[in-house]
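Quick mapping for you: the protein sequence lines, in order, are chains D, S, L and R.
Its first residue numbered 131, the first sequence is counted upward by one per residue in the numbering used here.
Its first residue numbered 37, the second sequence is counted upward by one per residue in the numbering used here.
Its first residue numbered 301, the third sequence is counted upward by one per residue in the numbering used here.
Its first residue numbered 97, the fourth sequence is counted upward by one per residue in the numbering used here.
Some hints here could point you the wrong way.
What the hints assert, rightly or not - Facing chain S, from chain D, some residues (calculated, C-beta under 10 Å):
hint, residue
1, Thr215
2, Ser216
3, Ala222
4, Val223
5, Gln237
As the list claims (entries may be wrong) - Among chain D residues calculated to face chain R with C-beta under 7 Å, some are:
hint, residue
6, Phe153
7, Ile166
8, Ser191
9, Ala196
10, Gly202
11, Ser203
12, Val218
Hints in this document: simulated from the structure, not taken from any laboratory.
Cβ atoms here follow ideal geometry from the backbone N, Cα and C, with glycine treated the same way.
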Amino acid sequence: MIFNIPFIAVVAMIFIGLFAVLFKRNLIKIVLGISIIESGVNLFLITLGYREGGVAPIYTSAPSDAITNTPGSMVLPVPQALTLTSIVIGVAVLALMLSLVMHIYKQYGTLNVRKIRRLKE
Amino acid sequence: MNLIDILIQHSPPLIVAVPLFSAFLIPLVSRINEKVRNAFALVMMSITGFFIALLASDVFANGPRIYVFGAKDLAIPVVRILFEVDSLSVFMAIVTFILVFVSLVYSWSFMKKENDGLDKYYTLILLLVTSTLGMELTGDIFNFFVFLEISCISSCALIAFWVHKAEALEAAFKYIVISSIGALFVLFAIGIFYAQYNALNIATLSNVLQFTFLDKIALVLLVVVLGMKAGLVPMHMWLPDSYGQAPPSVTIVIIGATQASLYGAFRIISTIYGNFFNSTDLSVVNFVLNTNAIGWVIIILAILTILIGVVMALIQTDFRRLIGFVAVAEIGYIFLGMGVRLASKYVESVGNVPTAIVFPAYGSIALQGSIFHIINDCLDISLLFLVAGAIYYATRETSLDEMSGLARKMKYTTVFFLIGLLAVSGVPPMNGFSSKLLIYESTYQLNPIISIIAILASIMLLAVFVKVFYSAFLGPKISKFENVEEVPKSMLIGMGVIACIIIIFGLFPNMIIHYLVEPAANALINNAQYISTVLGGV
Amino acid sequence: MSTRNIVAVLVFSIVALFFVFSALLIHPFGDPGAVKMDDHIITNTQSETGANNGVTSIVFDYRGFDTLGEATILFAAVASVMMVFRRLKK
Amino acid sequence: MSEMSKIVRTIANVSFPLITIFGLYVIAHGHLTPGGGFQGGAVVASGLIMLLVAYGSTWAFERIKEKRLTSLESLGAVWFIGVAFLGLFVSGIFFKNFLVGLKLFDNITFFGDIPVVGSTLANINTAGVLPLMNFAVGLKVIAGLFAVVLVMAYASSLKEWKK
């Protein structure tokens, strides 16, 4: 089986997101970086719940052999519920950040993080 | 089962559900008119306060109480979400309730000049209250994460309430970026817990945790993020920006939300990792070094927070930003107490055979000092922010250079500012003194230098505020402030309530410590009771 | 390299270490270590909640309070966007 | 945003009902097939946003008052927490699934049947409170997401934002 590739993908996505947030100067790129980290953490949650040869934990028209050895043949449902919550959180945070970015652009006239520095030390 | 018992039994979910239900209703209620909406918010908040008082009386009397959502009895592989309320969470709920009630009374007239966006303002204040109370009462870490996220979103929106001010937008954006990345790291740590132990309930986790290397990673992630959300040094920059730009009636509620993340950090250190940091049985002997290491890290961060907070406060010109830096310094004292307790654990051994692991007496005094300082710090900083709000309401001025001679026109505000000034810098008659004395006393026994630094910083706080008092209140009369008159009644009531509580706490500290602080500190220390109420002593 | 970049590189590498170590040490993909809670849910989701869909029975019944928090988050996000854009001239 | 060409508008008119029907199906069968309130609501909201893009935000902003959208959304939220409070009043436990196995008069059940364990047949009259909560969350997500996108689209079309 693919040994731990999904976890490597998770680490790669979190790296890319963190890189974008720490090193990019454009506000929208920072917001996109946060969404990339968010989807990386969601992927981490989902891959925790996978079971070898597992079927979705839904009984409607499930294959008959999955019904016989029920718990073992179905993927863990709890991480999927947690990821659903985390995705909706991602949407809410994204909507709020983008509306703030629109207002900052209207007030400051620029999206460059260096120039948005009115709150001095 | 008379009525009171039924109410007590159902009060944990109602404490969170009532403000949430009223937050959902505010958009519909506010179509009637302004007064009805403000009154509706106040009535709903006092109903919540009634439930908090009821629950507090029961929990202080007979120990933690749990409430399972969706089922009468608890199945042992704990699947459902449950609320676990012990004395510390009720103590924090009381603190949050005082702050929010005063904020609602204060913003009745403070927000009168704002014409639009007020029903969204009240909705978001009630959502922020719901999330703060939820963080403090919940017994499930994923539920803690969801409430942490709600408090991030609603406090970020409230910081950006004055949309026309560019600095407020910048502060709000900085806050939401840091909070959402922090919340994602908390989610990653929850994933680590779930992967190893397949449990999301705090009591089950603390019972089954084995402190593997992965748990160390999760511990560092959680404590760093929740410490950062509470205002510890490395990432404290968002706190003075947000407190400085948000409307003062909002800042008070955000202070409550910050204390909830502080409570989260304490809960994780002493309950989830309680079997390794808290317990004194001999099986934990080789973890004593870890405990001391964590304790010393927290002490160093706390001292840095105090020093940076005070030094930065000295050079500020904007009034509310100055109080924001003082708030950062005060958070340092709270973490100092916690750090001293962890660092003070030592092993008694005869020859080289360890016979007992002992927490010295001053360790628990330090913890009581830091918990008592949570409520004192909240009250003092909120009183100062209310005074700053009153000055902003009367003169539309926030920078200290333009303000002068306000004492003539605003007598009551000056009296409240004096009370707040004495309380923050820990001068005897006020409440700040008793909690800081506990912290100094216990820190001295661990290491004299740290307590000397803490005392000096507190004196510098006094210097900061004396400078502000002279420049803002006692200077010569300026023509610009000719028609300045005292602030309306509801703002004075808000400030008066907090000032009275400060004076009462200052005059009778041992009564408060005996009834409120000691049970809370014992609840934090005694995590075995926390686990046994859920798992039934299995 | 301004000081800000050096600090950013430092922070980036420290935080990155945490994620690399946790990805290496986590249980191998495909066989989760402990599964007690999930097996309990899969076996009696139909009898306790009556729903065929295991995930929905968690989202709305076993861990329904999370979804109430979820709905609040969406409500808070919409209320804050409406508040931030309240000065739209028609 | 200004209006799109005629072709895009007609295709949007044709495909909008299909998207909405599919979204409502996903919401209604949340407890049987994969999906539920959030996923179905997002599908219907994306259909509405497709209309918004096709006809331009100024057209949409006149037609639909966002005041009505926010009160629709708070109605969905009150419905969701009302069902949770009903659990408290009916069976004494907050968030209890009180409809499962509850036989109303001469055993007609309102979403109350309990499927045989392990059965792969889909009977919509099951899972007690879950379908009600699915509808509440679906209504909330549709109204909420569409209101957010509508306001942001209309704001970006105003003069002062095009500096």
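For each hint, the structure was consulted:
1. Thr215: Hint holds; Thr215/D Cβ to chain S Cβ min 6 Å, cut 10 Å.
2. Ser216: Where the cut-off is 10 Å and the nearest Cβ of chain S is about 6 Å from Ser216/D, the hint holds.
3. Ala222: Holds, because the Cβ-Cβ distance from Ala222/D to chain S comes to roughly 6 Å (cut-off 10 Å).
4. Val223: holds, 5 Å
5. Gln237: For Gln237/D, the interface hint holds, since the closest Cβ of chain S sits about 4 Å away, which is under 10 Å.
6. Phe153: violated, 27 Å
7. Ile166: violated, 20 Å
8. Ser191: For Ser191/D, the interface hint holds, since the closest Cβ of chain R sits about 5 Å away, which is under 7 Å.
9. Ala196: With a minimum Cβ separation of about 9 Å from chain R (threshold 7 Å), the hint on Ala196/D is violated.
10. Gly202: Gly202/D check fails; min Cβ-Cβ to chain R is 14 Å, beyond 7 Å.
11. Ser203: Since the shortest Cβ distance to chain R is 12 Å, the answer is violated.
12. Val218: Because about 6 Å separates Val218/D from the closest Cβ in chain R, which is inside the 7 Å limit, the hint holds.
Checked against the numbered hints given earlier, the structure breaks hints 6, 7, 9, 10, 11 and satisfies all the rest.
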